[in-house]
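Here the sequence shown stands for residues 1251 to 1491, numbered as in my numbering.
Keep in mind that a hint or two might mislead.
To be verified - Computed list of lysine to any residue pairs in SDA-like fashion (alpha-carbon distance at most 25 Å, straight line):
id, residue 1, residue 2
1, K1290, D1325
2, K1468, V1412
3, K1479, V1412
4, K1428, T1354
5, K1468, V1344
6, K1414, V1344
7, K1296, F1318
8, K1479, R1385
9, K1468, G1389
10, K1465, N1396
11, K1468, E1386
12, K1264, F1320
13, K1414, P1442
14, K1414, F1320
15, K1468, G1401
16, K1397, L1262
17, K1296, Y1269
18, K1264, S1277
19, K1479, R1456
No wet-lab data here; the hints were simulated from the structure.
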Amino acid sequence: MGTSNYPSVVTLPKINKPYPSILCFLSSRFPAITRDAWEKRIGEGKVHDDRMLPITPDTEYVPQMRIFYFREVNDEPHIPFAEEILHRDDQILVACKPHFLPVTPGGRYVDECLLNRLRITTGIPDLAPLHRIDRETAGIVLFSVNKETRGRYGELFMNGRVEKSYLAISANLPVDGKTSWTIEDRIVRGEPWFRMQSVAGETNARSTIRLVDVKDGKGCFVLRPITGKTHQLRVHMSGIG
């Protein structure tokens, strides 16, 4: 079984009383992990509060308290592609993530993620990603090196002051002859939970798409996400056909 070298963290949300037990919250928040598994981890002292004290069955639910835990998976797959560090200084680290490597631990992946690899390579345990890209996507990821300036970089992303663009190759070309689109819609989780879908409602996802080249019947598109919903660009590309 693979166990992460660094803890993951979840914050207990503000909810109405009566509060659930922390065991009930974790079982509900992470349905892929059984209640028995969480009970075993808590019993073995592998789940801690924000004072790094072990959670017990009697630990009370306190809204906004952070819970630290170590991810565990069986038979973690190896990703046979290497990352590359493009830039590093006292504030940030810029890395090129290969296809199929997740940015952070999740699901079947604990050690095989960009964050863990870079922590090992650089020896910086406090390294933290400032944004995410999908596991299947190769591209640039910016990491914070300095805790004191981390919030400033995070605000740049939150306020839309960082522009990201992606190249996508599609075997399908627009049938209406259009070459540019501005898409504004609402993206939510579908069924199963990991599939995202566009639905009616208040806009929460925005992208611009341009067709910049056609070769051998395939189109090359430049995609610019204005917001950062999960799988947003895939949903928007699907929406234009």
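Outcome of the hint check:
1. K1290 / D1325: holds (19 Å)
2. K1468 / V1412: violated (29 Å)
3. K1479 / V1412: holds (15 Å)
4. K1428 / T1354: violated (37 Å)
5. K1468 / V1344: violated (31 Å)
6. K1414 / V1344: The given pair, whose Cα atoms are some 14 Å apart, holds under the 25 Å limit.
7. K1296 / F1318: Holds, at roughly 8 Å.
8. K1479 / R1385: The given pair, whose Cα atoms are some 14 Å apart, holds under the 25 Å limit.
9. K1468 / G1389: holds (21 Å)
10. K1465 / N1396: Violated, because 44 Å separates the two Cα atoms, which is more than 25 Å.
11. K1468 / E1386: holds (20 Å)
12. K1264 / F1320: With Cα atoms ~23 Å apart, K1264 and F1320 stay inside 25 Å; holds.
13. K1414 / P1442: The hint is violated at about 28 Å.
14. K1414 / F1320: It is violated: about 32 Å lies between the C-alpha atoms, which goes past 25 Å.
15. K1468 / G1401: Judged against 25 Å, a Cα distance of about 41 Å means the pair is violated.
16. K1397 / L1262: holds (22 Å)
17. K1296 / Y1269: Roughly 22 Å separates the two Cα atoms, so the pair holds.
18. K1264 / S1277: holds (17 Å)
19. K1479 / R1456: The given pair, whose Cα atoms are some 9 Å apart, holds under the 25 Å limit.
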